[in-house]
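Using the sequences and the hints, build the whole thing.
Protein sequence lines, in the order shown, are assigned to chains G and H. This note's numbering puts the first residue of the first sequence at 1, with every later residue one more than the last. This note's numbering puts the first residue of the second sequence at 1, with every later residue one more than the last.
Take the hints with a grain of salt, since some may be wrong.
Said to hold, decoys possible - Dumping the calculated DSS-like pairs for lysine-lysine here, alpha-carbon to alpha-carbon at most 25 Å: (1) K83/G to K245/G; (2) K219/H to K32/G; (3) K98/H to K32/G.
Unchecked claim - So, partial list: chain G residues that the calculated Cβ filter (under 7 Å) puts toward chain H: (4) S30; (5) S33; (6) I35; (7) I125; (8) P151; (9) A175; (10) C204; (11) H206; (12) M238; (13) Q271; (14) F286.
To be verified - Listing some non-contacts, in silico: residues in chain G with all C-beta distances to chain H over 12 Å: (15) P61; (16) G129; (17) V148; (18) L242.
By construction, these hints were calculated from the structure, which means they are not laboratory data. Keep in mind it's a predicted model, so treat the numbers as computed, not measured. The beta-carbon is built from N, C-alpha and C at its ideal position, and this holds for glycine as well.
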Amino acid sequence: MSTVAEAVASTRPDVGGAGRRRAQAQTRRSVKSVIFHLAAVAASIVVLYPAAWMVMSSLKPSNDIVGNTSLLPETWTLENYVKAFGGIGGVEFSTFFGNSVLLAVLSVVGTVVSTTVVSYAFARIPFPGRNAMFAIMIGTLLLPFHVVIIPQYILFNQLGMVNTYLPLLVGKFLATEAFFIFLMVQFIRGIPRELDEAARIDGCGHGRTFVSIMLPLMRPAIITTSIFTFIGSWNDFMGPLLYLKRPDLYPLPIALRQYVDQTTTSDYGAQMAMAVLSLLPVLIFFVIFQRYIIAGVATQGLKG
Amino acid sequence: MPMTGAVPAGPPPTTPFQHVLGPDGDGEGPAIQVPAPRRRKARYSPADVRAGFAFVSPWLIGFVLLTAFPMLASLYLAFTDYNLFRDPQWVGMENFVKLFQDPRFLQSAQVTAIYVFIGTPIKLAASLGAALLLNMKHRGQGSYRSIFYVPSLIGASVSIAIVWKAMFIDDGIVDKIQTGLGFPAGGWVGDPGMTMPMMILLAVWTFGAPTVIFLAGLKQIPAELYEAADCDGAGRLRKFWNITVPMLSPVVFFNLLMETINAFQVFSSAFIISGGTGGPAGSTLFYTLYLYIRGFQDFRMGYASAMAWVLVVVVGLLTAVLFRTSRSWVHYTGDEK
Chain G
1 MSTVAEAVAS TRPDVGGAGR RRAQAQTRRS VKSVIFHLAA VAASIVVLYP
51 AAWMVMSSLK PSNDIVGNTS LLPETWTLEN YVKAFGGIGG VEFSTFFGNS
101 VLLAVLSVVG TVVSTTVVSY AFARIPFPGR NAMFAIMIGT LLLPFHVVII
151 PQYILFNQLG MVNTYLPLLV GKFLATEAFF IFLMVQFIRG IPRELDEAAR
201 IDGCGHGRTF VSIMLPLMRP AIITTSIFTF IGSWNDFMGP LLYLKRPDLY
251 PLPIALRQYV DQTTTSDYGA QMAMAVLSLL PVLIFFVIFQ RYIIAGVATQ
301 GLKG
Chain H
1 MPMTGAVPAG PPPTTPFQHV LGPDGDGEGP AIQVPAPRRR KARYSPADVR
51 AGFAFVSPWL IGFVLLTAFP MLASLYLAFT DYNLFRDPQW VGMENFVKLF
101 QDPRFLQSAQ VTAIYVFIGT PIKLAASLGA ALLLNMKHRG QGSYRSIFYV
151 PSLIGASVSI AIVWKAMFID DGIVDKIQTG LGFPAGGWVG DPGMTMPMMI
201 LLAVWTFGAP TVIFLAGLKQ IPAELYEAAD CDGAGRLRKF WNITVPMLSP
251 VVFFNLLMET INAFQVFSSA FIISGGTGGP AGSTLFYTLY LYIRGFQDFR
301 MGYASAMAWV LVVVVGLLTA VLFRTSRSWV HYTGDEK
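What follows is the structure, encoded as structure tokens:
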């Protein structure tokens with residue numbers, strides 16, 4: 001590639017030194033650009049390889065997965081997916097999938113409702129203790145959550161909530177996701193105060209101002225929060241592992257783990273097919289919402 | 001009123017409103033009567049106070065019920081023997097003494113320390129490198145950024161842990177490539193000396209999230225600084241060292257803090273790859289995995305609570321040290337942002 005660029009540069013009519021210098025600079029730029037893209041494409045291949053390997057393996061016959069160095073299947077098959085859809089121990093795959101969807105959707109609803117309300121209070125309503133509470137809230141971001149799982153388990157166990165989805169959802173409705181509150185407070189602080197103050201002067205209470213002025217303006221932050229909550233809930237493993245002991249309640253990660261435990265290595269094909277099916281919604285989400293996801297991640301570090 | 005409990009539970013707040021929060025945390029009437037001592041007028045309209053507490057109540061209730069109270073409860077349990085079926089028996093310091101004589105605990109601490117202190121710097125170096133690459137002026141940067149971010153989305157999932165295991169297992173693809181290159185092989189999953197590199201590789205693979213954060217930080221550095229340096233004839237290395245590094249240091253600090261804290265809490269990938277045992281030979285017995293085994297398989301909940309508090313103290317100390325040292329290497333520009 002660089003030789004092409006050089007050739008192009010050298011055939012240029014030599015209009016004094018300036019033209020040559022420019023041509024040289026251009027050559028250097030295009031050489032650099034080629035090197036950059038080679039490096040970036042190589043890195044992309046390395047980064048995507050495990051995911052590609054997973055997808056391709058799911059399309060290979062089960063006994064041809066582990067040792068096969070070729071990425072593409074020699075014989076393509078959908079047999080693994082047929083087996084995966086059959087489910088585990090009498091529970092169909094669609095049940096696990098439905099459980100995951102239910103948990104994720106309710107988590108999103110809970111998190112969005114609670115964090116929008118709470119962040120409005122932190123960002124816009126002056127009340128005593130607000131700054132202290134905000135500081136404590138930020139502090140919980142740094143807290144290893146393992147310190148609360150044992151007492152939480154004892155609590156939910158005593159309330160008879162084991163084998164229900166409540167332990168996984170109550171926290172979402174009670175705004176325990178401090179990061180999203182932080183994200184939304186930052187977002188609200190960027191909204192001109194005049195907008196909600198005008199509403200307040202016109203006689204709107206905080207409830208009305210929040211619902212009719214703030215909520216519509218907070219849409220981007222709500223979308224970001226929803227996406228991250230959905231993905232977080234979808235991939236969550238420890239929560240369901242602790243609280244759900246009945247197969248018909250399992251979401252996908254637990255079902256997948258159960259499947260791996262029950263089958264031997266010879267059944268890698270169906271494991272891969274289930275792994276692909278489990279990740280598919282997350283990847284589809286990413287393709288659709290990547291702008292919001294990347295923007296959401298990027299805001300974390302700034303003003304942190 | 002559940003709110004009153006919130007105040008003493010948290011760390012001592014050092015805010016202008018501390019005096020208002022004293023013994024009477026509900027902040028209803030007395031808050032208004034408290035005269036502002038100095039700088040700030042602490043006068044709130046009753047409507048604001050009512051609305052404020054109403055709007056903040058989900059968090060307040062959640063904090064008290066699901067964070068503050070459980071933290072105190074686990075602190076109590078750490079000094080007891082408790083198995084979920086009998087009442088907790090007070091045993092004093094016994095759990096902590098036993099912890100430091102428990103070879104499995106010591107091993108889990110060691111495994112986690114290696115993972116945190118070796119894996120995190122490698123991951124951050126990789127993500128800083130990637131961010132510098134993505135910050136160059138070339139076409140297609142958006143696509144590369146998206147591709148690099150994909151592993152961060154799925155890296156913690158059970159699916160990827162299964163894939164990882166299948167790739168690194170004996171006779172697996174990594175093993176085959178190694179054999180092809182003439183290296184001694186046998187798979188990484190079953191080799192106690194190789195499981196840690198495998199786990200660190202998995203962590204490094206998810207370098208995309210810190211990369212995106214680094215990149216956002218790089219984009220915030222004013223171009224004028226580089227232009228001025230160009231005028232002064234500064235070389236590329238000089239510009240990197242004297243402009244990029246100090247200007248990016250707050251973001252480096254943030255990533256370092258968050259990645260370190262997260263690395264302490266790795267669980268699901270270790271659980272899946274070792275089948276919940278932390279094997280082979282305890283080489284993937286991460287701290288949280290051992291905590292889970294003690295608390296939820298052996299039902300030694302007092303012991304596990306003691307472990308949890310040791311983790312909190314260690315992470316807290318490390319955070320404090322990071323914050324303390326940050327004064328000498330994190331550079332904040334004068335203005336807000």
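Now the hints, each set against the structure:
With a C-alpha separation of about 23 Å, the suggested pair K83/G and K245/G falls inside the 25 Å cut-off, and the hint holds. As the CA atoms of K219/H and K32/G are separated by approximately 21 Å, the hinted pair is consistent with the 25 Å bound. For the suggested pair K98/H and K32/G, the alpha carbons sit about 60 Å apart, so the restraint of at most 25 Å is broken. The interface hint given for S30/G is violated, since its Cβ lies 11 Å from the closest Cβ of chain H, which is over the 7 Å cut-off.
Interface restraint check for S33/G: the shortest CB-CB distance to chain H comes to about 6 Å, inside 7 Å, so the restraint holds. With a least beta-carbon distance of about 10 Å to chain H, the hint placing I35/G at the interface is violated under the 7 Å criterion. Hint status for I125/G relative to chain H: holds, with the closest Cβ pair at about 4 Å, below 7 Å. Contact between P151/G and chain H, as hinted, is supported at the beta carbon level, the nearest pair being about 4 Å apart and thus within 7 Å.
This hint holds: A175/G has a C-beta 4 Å from the nearest C-beta of chain H, less than the 7 Å allowed. With a cut of 7 Å, the hint placing C204/G at the interface with chain H is violated, because the nearest CB-to-CB distance is about 11 Å. Taken as an interface hint, H206/G checks out: its beta carbon lies about 4 Å from the nearest beta carbon of chain H, inside 7 Å. Given the 7 Å rule on beta carbons, the hint for M238/G holds: about 6 Å separates it from the nearest Cβ of chain H.
A least Cβ separation of about 6 Å between Q271/G and chain H falls short of the 7 Å threshold, and the interface hint therefore holds. With a cut of 7 Å, the hint placing F286/G at the interface with chain H holds, because the nearest CB-to-CB distance is about 6 Å. For P61/G, the condition that its CB be more than 12 Å from all CB atoms of chain H holds, with the nearest at approximately 15 Å. Distance to chain H contradicts G129/G as a non-interface residue, since its nearest Cβ pair spans about 5 Å, not more than 12 Å.
Chain H draws V148/G into its interface by the beta-carbon criterion, the shortest separation being 4 Å against a cut-off of 12 Å. Against the 12 Å criterion, L242/G falls within the reach of chain H, whose nearest CB is about 6 Å from its own CB.
Violated hints, in rising order: 3, 4, 6, 10, 16, 17 and 18; the structure is consistent with all others.
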